[in-house]
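Protein chains: 2
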Amino acid sequence: MIGRLNHVAIAVRDIAAASEVYRSTLGAQVSAPEPLEEHGVTVVFITLPNTKIELLEPLGAESPIARFLEKNPDGGMHHICYEVDDIGAARDQLVNSGARVLGSGEPKIGAHGKPVLFLHPKDFNGTLIELEQA
Amino acid sequence: MIGRLNHVAIAVRDIAAASEVYRSTLGAQVSAPEPLEEHGVTVVFITLPNTKIELLEPLGAESPIARFLEKNPDGGMHHICYEVDDIGAARDQLVNSGARVLGSGEPKIGAHGKPVLFLHPKDFNGTLIELEQA
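Taken in sequence, the protein lines are chains A and B.
For the first sequence, the positions run 1 to 134 when full-length UniProt numbering is used.
For the second sequence, the positions run 1 to 134 when full-length UniProt numbering is used.
Chain A on its own, in the form it takes in the complex (with noise of 0.2 Å):
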């Protein structure tokens, strides 16, 4: 079912400085900083050769990655996006296994414009997973 690993995100408390020392101590090519009102985060994209890593801060009072910084005060990690090709067959096939997804389980527009769900870390070994329809 899962295709290309999408990104990796890693939440930050500055992102100007994460993207600095992705820009100059790690040589990376890193993008202009992106608020993202609907979803609560501030994103800079780095563009590796295979894949990319997002850089998330929290923006505004109800940002979803706010309750992470607080138990991560350094940052870390928050999620890893996997493609599939069709989200709506990938949530029911994943239903029918008896995982489960986070919310409504009705896939939303992600901060990439295509439609995306979340995976309940308990059941996917402590990690939170992002599908993305590619």
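Check the hints yourself; a few may be wrong.
Unchecked claim - The calculated label-pair distances, taken between Cβ atoms and stated as ranges, are:
1) B:I109 x A:A61: 33 to 41 Å
2) A:Q93 x B:S31: 20 to 28 Å
3) A:G103 x B:G105: 44 to 52 Å
4) A:D86 x B:Q93: 37 to 45 Å
5) B:A32 x A:G27: 31 to 39 Å
6) A:A16 x B:A61: 41 to 49 Å
7) A:R13 x B:G98: 13 to 21 Å
Stated by the list, open to error - Chain A is nowhere near these chain B residues, computed Cβ spacing over 12 Å in every case:
8) E37
9) E38
10) P64
It should be emphasised that the hints constitute simulated quantities derived from the structure, not laboratory data.
Virtual Cβ for every residue (Gly too), placed ideally from N, Cα, C.
Chain B: place on chain A using the hints.
Below, chain B without anything else, positioned relative to chain A:
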């Protein structure tokens, strides 16, 4: 400096159960478990079209992932590995920029038989980074 994302490593308590989640629930291609006594882990490789995921289960009393699993009993993302062309040059550049390399600072032979280094999570947004000479 950094190139491809070589792998994301996920620490798990039960590598057979975790392998089954990736094989059956997520429909991925999963290798047989391989004990790496000198690294203190049993490893499984999950092959994705553009990179790989490694599942790590502690092996032996001195496993480097034992403490992580005490803190994260469900398991979780443990480190991310980026490829570099020349690990000695990468190390020198990192040290000159003030970043901390774990251990002696000398590259060791990693789980893939190639020279690796680990970088201090406090200097990299709370993320444990492995560099592997590609």
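Consistency of the hints with the structure:
At about 48 Å, the CB distance of B:I109 to A:A61 disagrees with the hint of 33 to 41 Å. Look at A:Q93 against B:S31: about 22 Å separates their beta carbons, and that is inside 20 to 28 Å. Taking the beta carbon of each, A:G103 and B:G105 are about 45 Å apart, inside 44 to 52 Å as hinted. Between A:D86 and B:Q93 the C-beta distance comes to about 44 Å, which sits within the given range of 37 to 45 Å.
Range check, B:A32 to A:G27: about 36 Å between beta-carbon atoms, so the 31 to 39 Å window is met. A C-beta distance of roughly 43 Å is found between A:A16 and B:A61, which places it inside the suggested range of 41 to 49 Å. In this structure the hint that A:R13 and B:G98 lie 13 to 21 Å apart at CB holds, the actual value being about 19 Å. Against chain A, the non-interface label of B:E37 holds: every CB pair exceeds 12 Å, the least being about 23 Å.
The claim that B:E38 lies off the interface holds: its Cβ sits roughly 24 Å from the closest Cβ of chain A, which is beyond the 12 Å cut-off. Against the 12 Å criterion, B:P64 stays outside the reach of chain A, whose nearest CB is about 17 Å from its own CB.
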